[in-house]
Structure formats: C-alpha cells, structure tokens
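All chains, full assembly: derive it from the sequences and hints.
Count along the sequence shown starting at 1, add 1305, and that's the number in my numbering.
Hints are computed from structural coordinates only; laboratory data are not their basis. Predicted model, so just to flag it, every value in this text is computed and none were measured. Idealized CB from N, CA, C, for every residue including glycine. It cannot be assumed that every hint is accurate.
[What the hints assert, rightly or not] Ranges of calculated distance between the beta carbons of each label pair, as one might list FRET restraints:
no., residue 1, residue 2, range
1, Glu-1610, Trp-1459, 27 to 37 Å
2, Asn-1340, Gly-1501, 45 to 55 Å
3, Gly-1559, Ala-1458, 19 to 29 Å
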Amino acid sequence: MPPSKNNYRSSQPSQNKTNSLSSAPPLKTLPPQPNISQLENFALSALAPSMAVVFTLPFDTVKVRMQLQGEVRIMKDATGKTVRVAAEKVYKSSFDCLWKTFKYEGIRGLEKGLVPSILKESSKNVFRLGLYDPILSVLHPKNDATSSSSAPAWKRMLAGGICGALGAVSANPFELVKTRLQSTAAGAIAVGNQYGYVSVSSALRQIMAKEGGVSGLYRGSMISVYRGILGSAANLSSYTMLRDYALREGYSEGVPLDMGCSLISAFVSVVFMNPLDVVRTRLYNTSSINRQSIFRTIKTIVENEGLKSLYKGFGTHFMRIGPHFCLTFVFLEQLKRGVKQIKLEEYQRKLQQPHYS
1306 MPPSKNNYRS
1316 SQPSQNKTNS
1326 LSSAPPLKTL
1336 PPQPNISQLE
1346 NFALSALAPS
1356 MAVVFTLPFD
1366 TVKVRMQLQG
1376 EVRIMKDATG
1386 KTVRVAAEKV
1396 YKSSFDCLWK
1406 TFKYEGIRGL
1416 EKGLVPSILK
1426 ESSKNVFRLG
1436 LYDPILSVLH
1446 PKNDATSSSS
1456 APAWKRMLAG
1466 GICGALGAVS
1476 ANPFELVKTR
1486 LQSTAAGAIA
1496 VGNQYGYVSV
1506 SSALRQIMAK
1516 EGGVSGLYRG
1526 SMISVYRGIL
1536 GSAANLSSYT
1546 MLRDYALREG
1556 YSEGVPLDMG
1566 CSLISAFVSV
1576 VFMNPLDVVR
1586 TRLYNTSSIN
1596 RQSIFRTIKT
1606 IVENEGLKSL
1616 YKGFGTHFMR
1626 IGPHFCLTFV
1636 FLEQLKRGVK
1646 QIKLEEYQRK
1656 LQQPHYS
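Structural data, given as structure tokens:
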C-alpha cells in the first residue's frame, strides 16, 4: 500500500536534517593553550643562573679564599719528622679579603673563574632546576583533587635532593677548575695551593694528565653530591613552599615575591651546605700528593681548626648564595613570564584568524 500523503510529508524533515548534518562544516579546533615546553624549561633553567653568576662571582671568589685560609698542612722537617704547620692568616675578614683581592688583582681578580662558573651553573641547573617540576609531578601527580602546590615537604625535599645530586655530578669538572682558578692569587695574598692555570682548557688538560685522567676531573664529586642533595633539598623545597603559601594568601606574583622567597631559602641552604662546602673547597685545592678521603679531611679540619671552622666563610657564603639565588629565581621567573606572554600573544593572534573565528 503506498504511503499516505501525510506520512510522506512527515518523513521529509528527517531527510532534510540528515542532509544538512552531512553537509555541515567540520567542528573547529582551537589552538593549544600557551605553555612552556620542557625543552624551553631546560634552556631557561640554564640561562638564568648563568646570568646571575656574573654579578655574584666576586663573593664566591672571596668565599673560596676564606675557606682555604688557615689550612693546617702536614710536612716533614729537616730531620724527617712529621710536623703540622698552620699557614699564616692573610685576611682579617671577608671584607678585608674582598678589598685586598681588588687592591692586588683588580676586577679581574674578583671575577676569576667566570667561564667555568658559567659552564658550571648551566650544566648543573639544567638538572637542578629543569628537572625539579617533572620529578615532583611524578612523586605527587596532579589531578582534580590535588596539585603540585599541595605537595608535602618531604616530597619537595626528595625531588630537590635528586635534582641536586644529578646537577653536582654534571658540574663537578667545572667546579673543580673554578675553585683552583679562584685560589690562584698574587703572592702577598695567596692561600692554599697555587696551580697557575691560564685557561679552562689548559686546566682540564693538566688535571687529566697529572691526576689520573678523566677520574681526576671528578675529585670531590661525592662531597659535591652530598652538598647538592642537602643544598637543593633545602633550597627548592623552602622556596616553592614559601612561594605557594604566599600566593595562596593573596600576595601578587612578581619580583618582590620572588626575591623574598629566594633570600629566605638561600639562608636555609647555607646552614645545611656550609660544612660540606668547606670540606669540598679543601679537597678541590689539595694536591694529588696530599690527597685524603672525605672523612679524613673532616677529621683533620676539626682536630686542627676546631668544629666551628666548618662554618668558615659562612657570611661570605650567604653574601654569594643569597644574591645568586635571588637573581637566579628572579631571572628565571621573569624569563618564564616573558616566554608565556609571547606565546599568549601568538595564541590570541591565532584566535583572530578566519579559520578559528
């Protein structure tokens, strides 16, 4: 039986609807929201501290020389008897060291070791800063109920410690060369062993030739790892916790917040790092003839110079670490904001294109 007129008419709308759907243009896809890629994060993490060290290196030079001052050396007298000889103190204080270094060697003396310092900062912070957020996100995954800003202190410290250890191993050869270049001074103000390196490349060649090849470049690497674990765990956990707390309390994101959080975290870091920093400086500067283990070096320092000697150069250490961390995090956060702003502007331009309108 043929369909009725009414039935035929009632079927027309569904057919027209089907045709209209099949001929409709495909759904438009918006461009991805702007964000910093991990590769960009690595690059910025290396760039920011490399910029900061240009301004803070003089304090690092002073710190190294203050930590080497007063080192007791074991020598043999004319009869062959072993004696302990304490080197005469050259510097009365950190400021005296700063002035005398400038007086005898000028600005170049205060900026000694700049090239290996930049290489050290970039190679170390690719891991120390660049991997912190990825590792923390693994330890404390983000989901609807939580975020990295709510990560407990122990997870932040663990993430910071892992990053610090990786960074310390990566940067050790440059740290070794930097320390020896900074210890080289004019005769009247010289402390510690004097190596007389003229460049980074010659220093690397001489160390490998005279001190056991590539392994010589990793002298003191274990103490650097311990220092990196303690320092980065204290620094990164305290910085991120302070910053997250301030943002939750309504403080505006910007340079003042970055500076305040970084300076507090720097002080916490120096408290944990300074004893190991003194030991590492001594190990780096010791000649291969008088090489000692980490624990033997600690024992020698405490026996001959007292327990408080492990905090030698504390003030100068903070004078260097405080501004350095402050500049590093200010530069890092500003660079990240700049990259995000550039990407946001590109994103907005894409939205205005006909394809997305």
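Do the hints match the structure? See the list:
For Glu-1610 paired with Trp-1459, a C-beta distance near 35 Å keeps the hint of 27 to 37 Å intact. Here the CB-CB span from Asn-1340 to Gly-1501 is close to 49 Å, well matched to the stated 45 to 55 Å. One distance hint, 19 to 29 Å for the beta-carbon pair Gly-1559 and Ala-1458, holds here, with the actual separation near 25 Å.
Figure legend: structure checked against the earlier numbered hints; every hint is met.
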